[in-house]
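**Student:** Make the full structure from the sequences, and use the hints.
Number of protein chains: 2
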Amino acid sequence: MIKVVQYNMLFNLIQDVFTAMGCSAEHAKIGAETLISADLRGIDSHGVARLSGYVRLWEAGRINSTPDIKISYETLSTAVVDGDGGLGLVVAPFAMEVAIQKATHVGTGWVSVKNSNHFGIAAHHAMMALEKDMIGISMTNASALVAPTFSKERMLGTNPICVAVPGGQEFPFVADLATTTAANGKLEILQRKGAEAPNGWIQDLNGNSTNDSHALKNGGALLPLGGDREHGSHKGYALGAIVDIFSGVLSGANFGPWVPPFPAYVPMPENQPGKGLGHFLGAMRIDAFRPADEFKKDMDLWIRRFKSAEPIDPKEPVIIPGEPEAEMEIQRKKDGIPLLELVWDDIVTTADKFGIKL
Amino acid sequence: MIKVVQYNMLFNLIQDVFTAMGCSAEHAKIGAETLISADLRGIDSHGVARLSGYVRLWEAGRINSTPDIKISYETLSTAVVDGDGGLGLVVAPFAMEVAIQKATHVGTGWVSVKNSNHFGIAAHHAMMALEKDMIGISMTNASALVAPTFSKERMLGTNPICVAVPGGQEFPFVADLATTTAANGKLEILQRKGAEAPNGWIQDLNGNSTNDSHALKNGGALLPLGGDREHGSHKGYALGAIVDIFSGVLSGANFGPWVPPFPAYVPMPENQPGKGLGHFLGAMRIDAFRPADEFKKDMDLWIRRFKSAEPIDPKEPVIIPGEPEAEMEIQRKKDGIPLLELVWDDIVTTADKFGIKL
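Here the protein sequences come in this chain order: A and B. Everything in the first sequence is counted per the working numbering, starting at 54 for the first residue and increasing by one. Everything in the second sequence is counted per the working numbering, starting at 54 for the first residue and increasing by one.
Heads up, some of the hints might be wrong.
Said to hold, decoys possible - Under 7 Å between C-beta atoms, here's a sample of chain A residues computed to sit facing chain B:
#1 Ile55
#2 Leu110
#3 Trp111
#4 Val218
#5 Gln244
#6 Lys288
#7 Pro344
#8 Lys360
#9 Ala362
#10 Glu363
#11 Asp399
#12 Val401
#13 Asp405
Claimed, not checked - No more than 25 Å apart at the CA atoms, straight line, and that leaves these computed lysine-lysine pairs for BS3-like:
#14 B:Lys56 with B:Lys410
#15 A:Lys349 with A:Lys82
#16 A:Lys328 with B:Lys350
#17 B:Lys56 with B:Lys350
#18 B:Lys387 with A:Lys205
#19 A:Lys246 with A:Lys56
#20 A:Lys328 with A:Lys349
#21 B:Lys349 with A:Lys328
#22 A:Lys56 with A:Lys185
#23 B:Lys386 with B:Lys350
#24 A:Lys350 with A:Lys360
#25 A:Lys360 with B:Lys123
#26 B:Lys360 with A:Lys205
#27 B:Lys185 with B:Lys410
#28 A:Lys239 with A:Lys56
#29 B:Lys328 with A:Lys349
#30 A:Lys328 with B:Lys360
#31 A:Lys410 with A:Lys82
#32 B:Lys328 with A:Lys350
#33 B:Lys239 with B:Lys270
#34 A:Lys328 with A:Lys185
#35 A:Lys349 with A:Lys360
#36 B:Lys387 with B:Lys410
#37 A:Lys386 with A:Lys56
What the hints assert, rightly or not - Which stretches of chain A does chain B cover? Using the computed rule of at least three CB atoms under 8 Å from a CB of chain B, they are:
#38 58–72
#39 335–342
#40 346–358
Honestly, the hints are just simulated from the structure, not real lab data. Just so it is clear, CB atoms sit at the ideal spot from N, CA and C, and this is done for glycine as well.
**Tutor:** In structure tokens:
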């Protein structure tokens, strides 16, 4: 069952929940913007469906709703931001603003973030750079669900990387990818359907490849992009590791198996070497390399040439990363956001807990 | 048949060939260093086996042996370098030096390069940052051999990404990966053996998955990391696209199907939008984020924790990217570099053409 909810109504509701958690008006607004950007772009797993998860983290004392987010160290092109345990949905946009400011002054800005929490979809933060004619980059580490090549043990999160590049007349190029074969959200869809997972998505408790879509819950692990050694899983593992190092080690956050879990009922890892989880944000001014209009003309050429690449099946043309999501955003802003009844009920229950009326 | 050649002897020979091509003493030395770094690290496909290929490009007028490599535009943290058609083996280290200089002054440095040529292994350039306690990043576009998801047509090169991170007592973390399921060099090994390629490596002329290791020669294409849509090939395609945009579009080099081919006998693509091929180099000073000794302590912890992850097979522990290559480098510098007789003969023939005696 699907319920279609108008964007403004949903936005106000989420904002009210964050306000009720104690967030300032500004933080509640930024947090709601970040969270709903996932639903607008069709990344339903990372949007309002997770609202109650964030609330539970706050209830468990693992999210600080009144953080003093600040720059703890900086140079002309870099900074470390301390999120003070705040919502990643708010901390990451703060850090991205810092990166954009630095890029404005010296061409590029790079910010590693510690003491944060889950930041929603990576694309939201990277895309903040677009309207300034900058390339935006964002990544985050996350709690360990992924086994490196040859490992039985979960050591990395799904550690996404996003790169957003301005187009001219075309939609921007926005690639936002988990460094696993499949995102956890896709696995959850198969679990609900009782369907099997394709080869190369997961392994079981003993490290054997499996099609059991429930294997992750039973002590198995997601697999790095590539799936197995023969198909390049060592590359997916390396990419996830780069995200972990840039987000966690460079900032002084936790990394690897020590990253705090998203579900509030999962115990915190022991002997954590850092603070909270980490992100890495970057902004590069296009005209720090070449005039922005020249670049955009070439970017449009790039996009059009790739869209017109000879398709295997004429009904399935080559897709430009970010284009389906941009079209979805236009449509959902206009027509509303379709939510599973289950998700809608969960939001209503969460709002009700704070006495928020619809 | 294998011939083991001592490092110094091979280095001098390559240097003499570049000098005979007209390179300055400095360029010949840098070019030889870059080329042989591949053999030292065990990436035999990208090392001295390609010497005659570079010479043929020079003979065809596609490489300028006396380039005026220069910064054509810059800001405090960025630059565009014009390689003037020179050997990528020389242009890329020049650009990496610029990135390192900028990082020294403002924390990070980012250089996009146009009008260059094939730059050897990505790791060589990224690793230049390590001794300065910086993280090094390098990538390059390359001539189109790879079909994006849903495409019959070759649109991208194998477009590698390398990230090199200093360790403390441990070897540095060096991830150097083509954004395809398998590098072209691995396919060539299967071709020589007459063996089949695994699923997900290549497709045929019509875009059908194939195990024919010769399919690439017959109009097929390499596949992006992931292999097919179900296994995440859209992610490998997106990563290759990011490399193409950073290296080609940002600098004003060629991109996509317009990148110049490595084999000198392959005609140049028509209506090229840019100049030569492109690279992207970056350097980030560790202490622009946190004290280098603290970072290295955590990096050693990262490396040791991942190495001790519970293995599926106790005889196959988890590998840290760059560690096998670092061990190989120590061994080959001491014991010599094993070359296929075929490769050695090709080098001798090339040297002989310039009247260079062994």
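**Student:** Hold the hint about Val218 (chain A) up to the distance rule: shortest CB distance to chain B must be less than 7 Å.
**Tutor:** holds (6 Å)
**Student:** Check whether the Cα positions of Lys239 (chain B) and Lys270 (chain B) lie no farther apart than 25 Å.
**Tutor:** holds (14 Å)
**Student:** Given a cut of 7 Å on the nearest C-beta pair, is the interface hint for Ala362 (chain A) held or broken against chain B?
**Tutor:** holds (4 Å)
**Student:** What's the verdict on Lys350 (chain A) and Lys360 (chain A), does the C-alpha distance respect the 25 Å limit or exceed it?
**Tutor:** holds (15 Å)
**Student:** Asp405 (chain A) was flagged as interface toward chain B. Is the shortest Cβ-Cβ separation under 7 Å?
**Tutor:** With a closest approach of 39 Å, the Asp405 (chain A) hint is violated.
**Student:** Is the hinted pair Lys56 (chain B) and Lys410 (chain B) satisfied, with a Cα-Cα distance of at most 25 Å?
**Tutor:** Cα-Cα ~18 Å, so holds.
**Student:** Given the hint that Lys360 (chain A) pairs with Lys123 (chain B), does the C-alpha gap stay at or below 25 Å?
**Tutor:** Status violated; Cα separation ~34 Å.
**Student:** At least three residues with a C-beta closer than 8 Å to a C-beta of chain B: is that true for the stretch 58–72 of chain A?
**Tutor:** violated (count 0)
**Student:** For the pair supplied as a hint, Lys387 (chain B) and Lys205 (chain A), confirm whether the alpha-carbon distance does not exceed 25 Å.
**Tutor:** violated (36 Å)
**Student:** When you check the alpha-carbon spacing of Lys349 (chain B) and Lys328 (chain A), does it fall within 25 Å?
**Tutor:** Holds, at about 17 Å.
**Student:** Holds or violated: Lys349 (chain A) with Lys82 (chain A), Cα cutoff 25 Å?
**Tutor:** violated (32 Å)
**Student:** Straight-line Cα separation of Lys239 (chain A) and Lys56 (chain A) no greater than 25 Å?
**Tutor:** holds (21 Å)
When each numbered hint is compared with the structure, violations occur for hints 1, 2, 3, 5, 7, 8, 11, 12, 13, 15, 17, 18, 20, 22, 23, 25, 27, 34 and 38.
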